Amino acid sequence: MSTNLANLLYLIPISAFILALHFLSDPARARRGNQIGAFGMLVAIVVTWVKVGATSWWAIVIGMVIGGGFGAVAARRVKMTAMPQMVALFNGVGGGAAALIALAELHRILPEPGRPKIDIALAIALSGLIGAISFSGSMVAFAKLQELIRGRPITYPGQKLVNLGLLAVCIALSVVLVSGVQDEWLLWVVIGGGAFFGVLFVLPIGGADMPVVISLLNAFTGLAVAVSGFELENNVMIVAGMLVGASGTLLTLLMGRAMNRSIANVLFGAFGQVSAGAAAAAESDGGTVRAASAEDVAVMLAYAHKVVFVPGYGLAVAQAQHDVRQLADLLEAKGVDVTYAIHPVAGRMPGHMNVLLAEANVPYPQLKEMEDANSEFTRTDVALVVGANDVVNPDARNNEGSPIYGMPILNVDQAQTVVVLKRSMNPGFAGIENPLFYNPKTVMLFGDAKESIDRLIEDVKGL
Amino acid sequence: MSHNTLLVFELTILVLAIFLGFEVISKVPTLLHTPLMSGTNAIHGIVLVGAMIVLGAPNKDVFDWVVGFLAVVLGSANVVGGFVVTDRMLEMFKKREPAKAPDARDGGGPPGE
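Chains as they are written, first to last, in our numbering: chain A, 1 to 463; chain B, 1 to 113.
For the record, the hints were derived by calculation from the structure and aren't laboratory data. Model, not experiment: these values are computed from the prediction. All C-beta atoms in this analysis are idealised placements derived from N, C-alpha and C, irrespective of residue type, glycine included. Any given hint might turn out to be false.
To be verified - No farther apart than 35 Å at their CA atoms in a straight line, the calculated lysine-lysine pairs in the DSBU-like style are these:
(1) A:Lys441 to A:Lys461
(2) A:Lys306 to A:Lys368
(3) A:Lys334 to A:Lys79
(4) A:Lys441 to A:Lys117
(5) A:Lys461 to B:Lys27
(6) A:Lys79 to B:Lys27
(7) A:Lys306 to A:Lys79
(8) A:Lys441 to B:Lys27
(9) A:Lys51 to A:Lys117
(10) A:Lys306 to A:Lys461
(11) B:Lys27 to A:Lys160
(12) A:Lys334 to A:Lys441
To be verified - Partial chain A-side listing against chain B, Cβ under 7 Å, derived:
(13) Gly71
(14) Gly462
(15) Leu463
Turn these sequences into a full structure, and let the hints guide you.
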């Protein structure tokens, strides 16, 4: 197939990807959008196959079966709660592939007569560096979310300086590489340095901020792929990669806005570092925690007029969404008005709670977004917090020393009574103390969220 | 086409893609942030095309073989995993439609005594 014909046919995947992104921003058409994207990808692969596949076709097939098989099994097997780390993993391997292509291209063009073109050398250095950062950064994000390493921020003095210095060295070496010293070992050093920077860059970021970081690394990979497209003179890689680079950057900003944090604050704030002082202050307030029995809570719920469920990551971990739905049905049968208050960043990813509750067939109109929910808490008898912590922490409103100060929260403390379902008094994923638990209006029901809800169901039935 | 003409053309479509990328998702509801991220993640799996070009090139030495093969494996994992994970996330949204109709908006005020 000629290059012109291939480029003409590549217009199909390019159009498909643009439509896919457009549809993915609309709840009613999002799934269709993803399917259109997959179709475009299939066309791109077939066109490329016909163009180059004659050589080493069996190696390409074996590689695709191994990689695709791993991707399919991993993506099918994973639980809904573990989706975020899967996105990180698949993003990382894409970045790794871009870095490998840079290595292969430099290896291919070096023996050719004459100096490599400067733009090609620049593209090789850039895609190698960015791809490596994206690869290792995503792997650290994966490890943090999978709890292979500590989710809390890992910090040490002079960290930002060290990171900045390392990045500067990588960029300087890239410049040397582009400006004439075209040696393969230099590219290896750039890629190794980039990979090391990726690790150092993500380590100090707390687990609760991981979605924003993954989104940023996703944009990085897109950029690396677009730059790879320059090396290979491939239009579809340039367009698709840059579409992801641009939309991923915008999405990162939108996610930051949903948490009322600037991206700079997420990346360099070392979330949780200042919390030691704030936590000590909260504890010294001398509040006591009231634990309640399931029977007490069941009575409160059954005789309330209005109950608001506030789901959080604990609900996802315990897979308690079906039980919550069942409890809500029982209460509704007793004439209680039940709604769910959904914080935009409850769980580990924006939209996480909507996905889980939809799985349990919770009627859509019962899900209230933050503003609507907050206007109802003053009229609420019982706010039942199921495994949420930071998104209901009043310190975000009141305590300027708190690292989450300024984040919009669900004002559950305005309800008559707050019931918190929690495994223990451990602070949440972000490692911040929560004064809500010491509030005199609050009672705690300790235990696994699913078991607690099941006990509540039994007790409500028995009333 | 000379190398420079091609380069200028490629830069042109790069810049257009930047603006398009910003425009096409400008209004996305919070609940779609995660699926959209996952969907864009699948789309940069287009890196697989580059990996195929590398592994499909003639006259490869051992280094090209190893690197190209690894790139195809990683790229395929990105494509397949990315689209499947996104589809699983979006699968959850389809069930909502029938529930919308019967429920009155906001329950029509607090229940009476």
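Tested hints:
1. A distance of roughly 25 Å separates the Cα atoms of A:Lys441 and A:Lys461; the hinted pair therefore holds under the 35 Å criterion.
2. Taking the CA atoms of A:Lys306 and A:Lys368, the gap is near 14 Å; set against the 35 Å cutoff, the hint holds.
3. As the CA atoms of A:Lys334 and A:Lys79 are separated by approximately 34 Å, the hinted pair is consistent with the 35 Å bound.
4. Of the supplied pair hints, the one linking A:Lys441 and A:Lys117 is violated, its CA atoms being roughly 70 Å apart against a limit of 35 Å.
5. At most 35 Å may separate the alpha-carbon atoms for a hinted pair to count; A:Lys461 and B:Lys27 exceed this at roughly 44 Å.
6. Only pairs whose Cα atoms come within 35 Å are accepted, and A:Lys79 paired with B:Lys27 is accepted, the gap being roughly 29 Å.
7. Restraint check: the Cα-Cα separation between A:Lys306 and A:Lys79 comes to about 32 Å, which is no more than 35 Å; the hinted pair holds.
8. Between A:Lys441 and B:Lys27 the alpha-carbon distance is near 39 Å, which puts this suggested pair outside the 35 Å criterion.
9. Distance restraint check for A:Lys51 and A:Lys117: the Cα-Cα separation of roughly 24 Å lies within the 35 Å cut-off, and the hinted pair is therefore satisfied.
10. Proposed proximity of A:Lys306 and A:Lys461 is supported: the alpha carbons are some 18 Å apart, at most 35 Å.
11. Of the pairs offered as hints, the one joining B:Lys27 and A:Lys160 holds, with about 34 Å between alpha carbons and a cut-off of 35 Å not exceeded.
12. Among the hinted pairs, A:Lys334 with A:Lys441 is consistent with the structure: their alpha-carbon atoms are about 24 Å apart, no more than 35 Å.
13. With 7 Å as the threshold, the beta carbon of A:Gly71 comes within range of chain B, its nearest partner Cβ sitting at about 3 Å, so the hint holds.
14. For A:Gly462, the interface hint is violated, since its Cβ never comes within 7 Å of a Cβ in chain B; the closest pair sits about 23 Å apart.
15. Interface restraint check for A:Leu463: the shortest CB-CB distance to chain B comes to about 18 Å, outside 7 Å, so the restraint is violated.
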